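Chains as they are written, first to last, in this note's numbering: chain A, 1 to 538; chain B, 1 to 117.
Please keep in mind that the hints were generated in silico from the structure rather than gathered at the bench.
The structure presented is a predicted model; accordingly, all values stated were derived computationally and were not measured.
Keep in mind that a hint or two might mislead.
[As the list claims (entries may be wrong)] Only some residues are given here: those of chain B computed to face chain A with a beta carbon under 8 Å: (1) Lys18; (2) His23; (3) Thr43; (4) Ala49; (5) Thr85; (6) Val86; (7) Ser97; (8) Asp99; (9) Thr100; (10) Glu102.
Cβ atoms here follow ideal geometry from the backbone N, Cα and C, with glycine treated the same way.
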Amino acid sequence: MGEIDVKLTADVLVIGGGPAAAWAAWSAASNGANVALVDKGYLGTSGATAPGGTNLLYLPPDQKLRDQAVEQRFKGGGFLSEPSWTYRVLDQVYINLERIEKWGYPFVRDEEGVPQRGHLQGLEYMNLMRKVVLKAGVKVLDHHPSLELLVDEHGVGGARGVSRLDNKEWEVRANAVVLATGGCAFLSKGLGCNVLTGDGLLMASELGAELSGMEFSRAYAPSAAFGTITRGRLLGWATYYDEEGNVLNSDGNRGQILHRAVSEGRTVYAMLNKADTPEKQAILRSSHAVFFLPYDRTGIDPFTQKFPLTLRAEGTVRGTGGIRLVSEDCSTTVAGLYAAGDAASRERLMGGMSGGGAFNASWAICSGTWSGEAAAAYALAQSRNAGSRDLRPAGRYGLQAGETSGSVAVGAPASDSSRPSQKELVAAVQQEVSLKINYFRNVPSLQGSLARLNALWPIAGSFSERGGIQQRVRSREIAAMAATARWMHTASLERKETRAMHALAEYPEQDPNQLHRITLSGIDEIAVRYDKVPGSSA
Amino acid sequence: MIELVSDDRCIRCGICVKVCPTHVFDADAEGLPFIARQEDCQTCFVCEAHCPADALYVSPYADVAVDVEEESLIANGLLGSWRATVGWGPGRTKLASVDTTEFINRILPPRPGSAAR
Ligand SMILES: Cc1cc2nc3c(=O)[nH]c(=O)nc-3n(C[C@H](O)[C@H](O)[C@H](O)COP(=O)(O)OP(=O)(O)OC[C@H]3O[C@@H](n4cnc5c(N)ncnc54)[C@H](O)[C@@H]3O)c2cc1C
Ligand code: SF4
Ligand code: SF4
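Bound-form chain B, shown alone:
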């Protein structure tokens, strides 16, 4: 579930409020988003991919809230890591343009029975 909106990093662009499919965020009078309905978060990570300031952190735990600390997320390279993988942001290579999915059948593990799905 979404756990962090970084006050420091956020540029108040409003994108996360718009792109979250399940309407988890509201914004305050200054345009700073806050997590208004964490229980509605579907842990889909799309807000992170769209945040231009790498200000959001979605914890992978779908059903339990966890405490996170901004400094240690930054230290571990996690803040903004999904956007980096997707390849969005200036100077980055899009994941789509290096997508290896069409080649994974070349390295299928040998196995009796039916093919991998």
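Excised from the complex, chain A in its bound form:
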């Protein structure tokens, strides 16, 4: 990186602009810290929640209901979670949803006057969170993607990046950093997901942090074949048809119908004809309203006409893999570094399964709250001011020559005409996380894919294209996506069984001897380690 144009110092730096980041920033500021938040996009619209909305894991304080939910989750997650974490989330999310209501979110009430707090409309929610964060005194920097962290022998010390709107280099120094950069969805155009490229996983790994649960990254979400709206719940009212018009889900089960068809290049059509009265249709329309946009705008009545579907890769977004948390305060193995939301491994809460279970949204709220509080306490306890630390930028991959800390060669010069373009590199990585390879997992195909990704890594991991600021950010995103795909496949090959959302064709059963978590570290060379699940007998 060249000259730094804008330099700031804070106690806590939050990286991200989704719900996890918003809650972390609010929480850190509420605990007395001076907080800066940098987002790749805009706090209020960016990330997986804002454009649509989320169902929450939310239960009234009724012990029986909560016990049941915890029990069900423990099984569903392949026994890799810790029930105590689920109870903590249930407690915390209840408190925070009351807060959201107090701040002005207009929850609907049922006939008895009970507020219905189990769903948040994304735009309303995140617009409100922006106001709350600003009111708490947080310095919010939109369109400030972070490209790398700062570090010294005492741990993390801030980050650097670019400001997309005015082409400036920025640096924020802070004794504590919360990574809330979301998951990695491989630029597949799922709703709100194209800012989610695994940047946080790469930044953390460059500091030596560990990842956990990366094999639980097999989520694909349905949308109109031509569209992006990957909120799939209303497809519960759909009949599925093949190209000849035969009904595919006559047993009521949608199962893997779509996954098989899309991977084999066949089209599946859907029609919401199970919502068969105007009353039912009206209820669906004002629930996940965004679902209807593509149909309303193309003149399709989804209740009476068929529409084609596809699947969009969600990688770790509705998976559970991410930065390994070492304690209940969302700290990592790096001093001063915390992770929240989809950037963090959600294994401790939900084991190997997230998906439609509404856990991720509640996790973002809770992990944000906890990490913000802990980051504030950590930062305020430091005697050194971050501004006077001898920090160096830690980025090593996908950065411009002169931008890296120098420990790694930057590969072929970016102007080399034999180099693949960024578009080609993105397509190459996407190919390796296609349904064929990453959903219908089997050993030889994963091995082949990992070998291709490893061969691509020297190119994908170095600076890929000269141009403007978008190219610079994309170069780093390509490195992060390629690294994430390598971590996913490495972990998937390591788990020689079928457990929770991970399935390997050669090993269709859950193996009691593999009741452990798979922890990864390293980038060029990936080291694998097994972690015992606390409380388990294995």
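Chain A is already provided as a structure; the job is to place chain B with the ligands on it using the hints.
Frame of chain A; chain B with the ligands shown alone:
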């Protein structure tokens, strides 16, 4: 993908340039935004929801550019329709305050096997 910035309707407030998560717009010297990087559009519709003048149109087609005509979008009630649904703008009822999501399980279709997601 984003297809239209209405010169007529736009009040040059700059909001769309700020709120687009993937930085698709730039503004000209007069403050009129233009679609500078359509290929980066993720078809998320948030710019439309935030535009106070209903001056933007996001086509639902994620991967192909399509021709749109302002007059026919207006005639079909599409310009500003997402903001109206979200319930933003003076005198409107917020979608969040009439959200029926918590009640959809009451009308689940009968089906054998696992529950709807
Ligand atoms: C369509 C859809 C529907 C969903 N529905 C549900 C549901 O019903 N229930 C549920 O529990 N979960 C659901 N999820 C998952 C849920 O949306 C996510 O778990 C949640 O948004 C995670 O919050 P987050 O703050 O961690 O990440 P996100 O909301 O994804 O935000 C990540 C933020 O990080 C920023 N960022 C990324 N890289 C950088 C960088 N380098 N520098 C600075 N900032 C960066 C992004 O701009 C973004 O603002 C859904 C997801 C999708 C895609
Ligand atoms: S948000 Fe709407 S009115 Fe404001 S600049 Fe953009 S197009 Fe114009
Ligand atoms: S639809 Fe989303 S990505 Fe496209 S221009 Fe509008 S805000 Fe930007």
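A quick look at each hint next to the structure:
1. Lys18: 6 Å, holds
2. His23: 5 Å, holds
3. Thr43: 4 Å, holds
4. Ala49: Holds - the Cβ of B:Ala49 comes within 8 Å of chain A, reaching about 5 Å at its closest.
5. Thr85: Result: holds, 5 Å to nearest chain A Cβ.
6. Val86: Constraint on B:Val86 satisfied, holds at 6 Å.
7. Ser97: 4 Å, holds
8. Asp99: Holds - the Cβ of B:Asp99 comes within 8 Å of chain A, reaching about 5 Å at its closest.
9. Thr100: 5 Å, holds
10. Glu102: Given a least distance of 4 Å, the restraint on B:Glu102 holds.
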